[in-house]
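Engineer: Dock chain S against chain Y, hints included.
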Amino acid sequence: MRYARLIWANLMRRKGRTLLTVLSVAVALFLFAALRSVVTALAAAGEVGSESRLVSRSAIGITFPLPEAHARRIDALDGVASVSWANWFGGVYVNPQNFFAQFAVVADTYFPMYPEVQIPPEQLEAFEGERTAAIVGQGLMERFGWRVGQTVTLQGTIFPGDWDFTIRGVYVPEDPSFGDEAFYFHYEYLYERTNRNVTPGWFILRLDNPSEAAAMSARIDQVFENSSAPTKTETEKAFNAGFVTMWGNVGFLVRAIGTAVFFAILLVAANTMMMAARERTHEVAVMKTIGFGDRLLSGLVMIEAVLITMLGGAIGIFGARAALGGNEMLSSLLPGYAVEWSTVALGFAIALALGLASGLVPAWQAARLSVVDALRKVA
Amino acid sequence: MKIPLIYNLRSLRQRPVSTLTTAVGMALVVAVFVAMMALSNGFRAALVGTGSPDNAFVLRKGANAEMNSGLGRDVANVVGGMPFVAQDPQGRPMISAETFVVISASRRNGELANVVVRGVSPMALEVRKGVEIVEGRMFTPGASEILVGAKLPSRFADMAVGDVFRFAGRDWNVVGRFVAEGSAFESEIWGENEQFMPLFRGQVFQSVTFRMTDPSGFEGIEETMEGDPRLFVDVFREDAFYRNQSSLLGNLLQFFAIFVSGVMAIGAVFGAINTMYAAVASRGPEIGVLLTLGFTPRNVLGSFLVEAVLIALLGGLLGGLATLPINGLVTSTTNWDSFSELAFAFRVTPGLLLQGLIFAAVMGVVGGFLPARRAAKQPVAEALRGA
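Protein chains in written order, with our numbering: chain Y, 1137 to 1515; chain S, 125 to 511.
Treat the hints as calculated values from the structure; they're not laboratory data. Where hints are given, some of them may not hold.
[Said to hold, decoys possible] Below, a list of computed lysine to any residue pairs in the SDA-like style, where the Cα atoms sit at most 20 Å apart: (1) S:Lys185 - Y:Pro1296; (2) Y:Lys1368 - S:Leu236; (3) S:Lys126 - S:Pro140; (4) Y:Lys1368 - S:Lys185; (5) S:Lys185 - Y:Lys1151; (6) Y:Lys1151 - S:Phe493; (7) Y:Lys1151 - S:Leu236.
The following block holds chain Y by itself, in its conformation from the complex (with noise of 0.2 Å):
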């Protein structure tokens, strides 16, 4: 690189300038890395969930539960190898800002289904042993400072009272954007202490062969469809798909940020550029008289738009990405949050636009300054 010295000298010419666009671009790429890291980390939780798991749940509403005896009745269907189910506990530790996700669980079935979820053996059998045990997150042990054997209190909201429990078994999740923060306990403690007043939230089912997913959710349906319970029954990547969509339309809402913050920033290394082509007439017609050619000079500009925003862009995306990736409470709210490399390789491909685009202008202009126009204007 024979002219990477005129480059280097080119950009240090005014430091000052130079630093500013490169930090400008560096904040605008460190934004984006962080609003589509949100998107990321949203679809990934559509992703969620198995396709040969299917959820039953009430067609009334999610918040119904289903009777008992649709289970027995689900599982002699034809192609259906298990049945479990599950409820939403909803209570509170100490204050409502800790929230976690609590389900109570028929172990034995529940979890063989869940493979993902992986408990020590003999944690999963303390837990089986004792009516008032739970099994909780890796992630939830942390956050909290929880110890195996200790005894945990919730308020219930949906189930009034106060409900002790004592963990036996802490799971870590195959995958991270399962999330390792939720709390399970025995159905059988929740029917008991309500005095049998509680039925299932939903059914999970495990198929014989996952591509009959389609298939199966529809005669399901159907052979509920004229009880007082009628269900509806989706793959269980199709039920979180659903939660995630209740967000609302946080992938327009990305873009649109994401389209402003390129324009903005886009103003500022182009009018950086232009300030720095405008200073340079005169050298350039000086290089042209002994004998650069156009094609060289405007390739030059456009080096020096380039290198500026790609180093800003570097700076902005790795900046994201160090200081993002471990947050708690992004993480808490979004599991598996993180700067994947999927946005980084984006994030290059905007900053080199970034720079084409700036250096477009000032690069053209360079190759079709006319020299004695050039030199004839007083500095």
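Structural biologist: This is chain S only, laid out in the frame that chain Y set:
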């Protein structure tokens, strides 16, 4: 003596491209700021506007949301007989015992959403302030009829007045549409509580709302009711209850708005600094002349600062105007406390636009300060000698 403003205005006209690009950059920042704050304000207004401080709202003890609560008929009767429940001119107690469930309904784009279905007593329109039927009429007690909130028909199919909407295995005639001051009620379906009870959760209400005879005596009412052994309840002021719901999401939206705008502002300020430095550099001789004429360095600093602020204000104005079209645009998200869809409108207020202008001015001052100082500190002879 200050340097006349006309100098700044003329200088800006001399460098139109530079001025405009910086101004448009700032305009984008202000536009994003105003838009996001409008989103946050709209969301808050929907929740804050719901409920009145003159009403008391009763839930079962420990239930933190209507959905989790259950109050028997006996509780509703006991509350209805209490002396602090106001009466309407006909002598009827102003009390509405209500059921609350969340059903699945298909949005017009095919996605499923959760919609609140509230079973109210025929007194509800009187008790809950600010609710007004704008199209059609109130439902007839005993008939399969419902009212829809104003935000629903545009987002869901079969919810216009005159349509038949089906849920819970029955067909319901939509006989009226109501507004409720932009509050969360406008995303709800209202029907008769007695009709809904057998369909959903049996002979329980989820809440009881009543008008207090003396709203300033709320603490006394709260104490009496929560201490009564026949009742097992929590009592709230109606507006305070709804305001606390989803304060998490409201705060998150506001934090998000400030974070994004703040970060963008930093970028825009860098751009402003760049532009102003270039302006100062190219106007060396002018500054030299001004200083020679007798203007003090302070005046010069002030003048350049004013110029930066002018560019910024131009940007602020453009940005604010650009966001006007989104005012009133309806979007939705989920109110996680009621687990249902909440539709709300972007709210661009004059106060917000003013905030945008001030934000722009601050960006201008911050961005223009260092360059202005450099302009002021130049020795005269050097300045005159040229860029």
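Engineer: What's the verdict on S:Lys126 and S:Pro140, does the C-alpha distance respect the 20 Å limit or exceed it?
Structural biologist: violated (24 Å)
Engineer: Does S:Leu236 lie within 20 Å of Y:Lys1151 when you go C-alpha to C-alpha?
Structural biologist: Given that 20 Å is the threshold and the Cα spacing comes to 55 Å, the pair is violated.
Engineer: Is the straight-line distance between the alpha-carbon of S:Lys185 and that of Y:Pro1296 20 Å or less?
Structural biologist: holds (8 Å)
Engineer: Would the pair Y:Lys1151 and S:Phe493 pass a check requiring their Cα atoms to be no farther apart than 20 Å?
Structural biologist: Given that 20 Å is the threshold and the Cα spacing comes to 18 Å, the pair holds.
Engineer: Decide if the proposed pair is consistent with the structure: Y:Lys1368 and S:Lys185, CA atoms, cutoff 20 Å inclusive.
Structural biologist: violated (32 Å)
Engineer: Assess, step by step, whether the Cα of S:Lys185 is no farther than 20 Å from the Cα of Y:Lys1151, and give holds or violated.
Structural biologist: Cα-Cα ~66 Å, so violated.
Engineer: Can you confirm whether the C-alpha distance between Y:Lys1368 and S:Leu236 stays at or below 20 Å?
Structural biologist: holds (11 Å)
Taken one by one, the earlier hints fail for this structure at numbers 3, 4, 5 and 7, listed in ascending order.
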